[in-house]
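Participant: Take a look at the letters that make up each chain.
2 protein chains.
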Amino acid sequence: MDAQARRRALRLVTNGMFVMTARDGDHYGVATLTWLSQASFKPPLLMVGVRPASNVFQCLTRSGFAAVHVLGADQQEVALKFFSPTQVTDGQINGEPFTDGVTGAPLFPRLRAWVECRVVRIVDAGGDHAVVIMEVVEAKCPGSFEPLTVAASPWVYGG
Amino acid sequence: MDAQARRRALRLVTNGMFVMTARDGDHYGVATLTWLSQASFKPPLLMVGVRPASNVFQCLTRSGFAAVHVLGADQQEVALKFFSPTQVTDGQINGEPFTDGVTGAPLFPRLRAWVECRVVRIVDAGGDHAVVIMEVVEAKCPGSFEPLTVAASPWVYGG
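Protein chains in written order, with the numbering used here: chain A, -8 to 150; chain H, -8 to 150.
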């Protein structure tokens, strides 16, 4: 296989940008991620590629719940915050104020759309990310907006 | 859960548009789909939401291989062709000329980037689509181009 061709082709796969959160007791995990898609209408399922070594993966595995926020096109600075390890101080995670969702996952009120999810299946298919399949059990999205995409960002994740 | 909020939030999940193909002997399956993301760098894996009743799902299940083409922003008419059931006539599938890939999956030379894949895992997580996890084993992508996205198309698939 031509590795350059593979890299170019996979970087043409369009993705949005999301902030995923989970909490296991007083242990919090938050990460910006891009490998996410819906996977079923009924029940509403998402599939997400998550690094097994990440805090958010450990928290969602232990608690069985996670939340996913959709970043707006004007929220690159929020994406950037969660490239760094998770730090909780004074009601903020990495400087972003949060509240508790009904599932226990932290929610960021500054982000304009989110879903809370119950973890249904975690698949290790031999890759460097696990495939986490989750059912949407709660949602908030007061209005529509333009979502942030990887293509419109300064970053690349794929290949 | 507020079903309208869930629908709005899930429709903010950014997806590209792809044509997936598979062949089982002289049985062909081709479909336009959108629920697709990379799921690992090493090995390079994709995860794809595919309806179990579709021809393409039956062919990839039986053969163990499938190809995914990335549609260009100017190729809405190709996307449209594969909303219809698969019909093979005179070296064309639904009017689109094809050749055989190394995996046996049909390839469309008019599409500018594709990957051929080996099916690694098919996950039934209780949804109306299966999660198909595949390893990229061959790729062609001579240059870059603007990919077609659901957001830029006349269609909606999600919610």
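No lab work stands behind these hints: they were computed from the structure.
Every value quoted in this text rests on a predicted model; they were computed, and no experiment measured them.
Honestly, I wouldn't trust all of these hints.
Put simply, identical chains are the same to the list, so a pair is met inside one copy or across any two.
Stated by the list, open to error - Each computed SDA-like pair below joins lysine to any residue, with the alpha-carbon atoms no more than 20 angstroms apart:
no. : residue 1 : residue 2
1   : Lys33     : Thr140
2   : Lys33     : Gly86
3   : Lys33     : Ser54
4   : Lys33     : Arg101
5   : Lys33     : Met(-8)
6   : Lys33     : Arg(-2)
7   : Lys33     : Ser144
8   : Lys72     : Gly117
9   : Lys33     : Ser135
10  : Lys33     : Ala64
11  : Lys33     : Asp119
12  : Lys33     : Ile113
13  : Lys33     : Pro145
14  : Lys33     : Glu87
Participant: With reference to the structure, classify each hint as holding or not holding.
Facilitator: So, going through the hints one by one against the coordinates:
In this homomeric assembly, Lys33 and Thr140 never come within 20 angstroms of each other (Cα to Cα): the closest approach is 26 angstroms inside a single copy and 23 angstroms across copies. Proximity of Lys33 and Gly86 under a CA criterion of 20 angstroms is satisfied in neither setting, with 36 angstroms inside one chain copy and 33 angstroms between copies. Taking CA atoms no more than 20 angstroms apart as the test, Lys33 paired with Ser54 passes in neither setting, with 23 angstroms inside one copy and 28 angstroms between copies. For the homomeric pair Lys33 and Arg101, neither the shortest alpha-carbon distance inside one copy (29 angstroms) nor that between copies (35 angstroms) is at most 20 angstroms.
In this assembly of identical chains, Lys33 and Met(-8) lie within 20 angstroms of each other by CA distance solely across copies; the values are 14 angstroms between and 38 angstroms within a copy. For a Cα distance limit of 20 angstroms, the shortest separation of Lys33 from Arg(-2) across copies, 12 angstroms, qualifies, whereas the shortest one inside one copy, 33 angstroms, does not. Proximity of Lys33 and Ser144 under a CA criterion of 20 angstroms is satisfied in neither setting, with 32 angstroms inside one chain copy and 24 angstroms between copies. Taking the closest pair of Cα atoms, Lys72 and Gly117 never come within 20 angstroms of each other, the shortest separation being 29 angstroms inside a single copy and 35 angstroms across copies.
For a Cα distance limit of 20 angstroms, the shortest separation of Lys33 from Ser135 qualifies neither inside one copy, at 22 angstroms, nor across copies, at 36 angstroms. In the homo-oligomer, the alpha carbons of Lys33 and Ala64 never lie at most 20 angstroms apart, since the shortest distance is 29 angstroms inside one protomer and 30 angstroms across protomers. Taking identical chains as interchangeable, the C-alpha atoms of Lys33 and Asp119 lie at most 20 angstroms apart only when they sit on different chains, with a minimum of 6 angstroms there against 29 angstroms within one chain. In this assembly of identical chains, Lys33 and Ile113 lie within 20 angstroms of each other by CA distance both inside one copy and across copies; the values are 19 angstroms within and 18 angstroms between.
Taking the shortest Cα distances, Lys33 and Pro145 never come within 20 angstroms of each other, neither inside one copy (35 angstroms) nor across copies (23 angstroms). Taking identical chains as interchangeable, the C-alpha atoms of Lys33 and Glu87 are never at most 20 angstroms apart, the minima being 33 angstroms within one chain and 32 angstroms between chains.
The structure does not agree with the numbered hints 1, 2, 3, 4, 7, 8, 9, 10, 13 and 14 stated previously, though it agrees with the rest.
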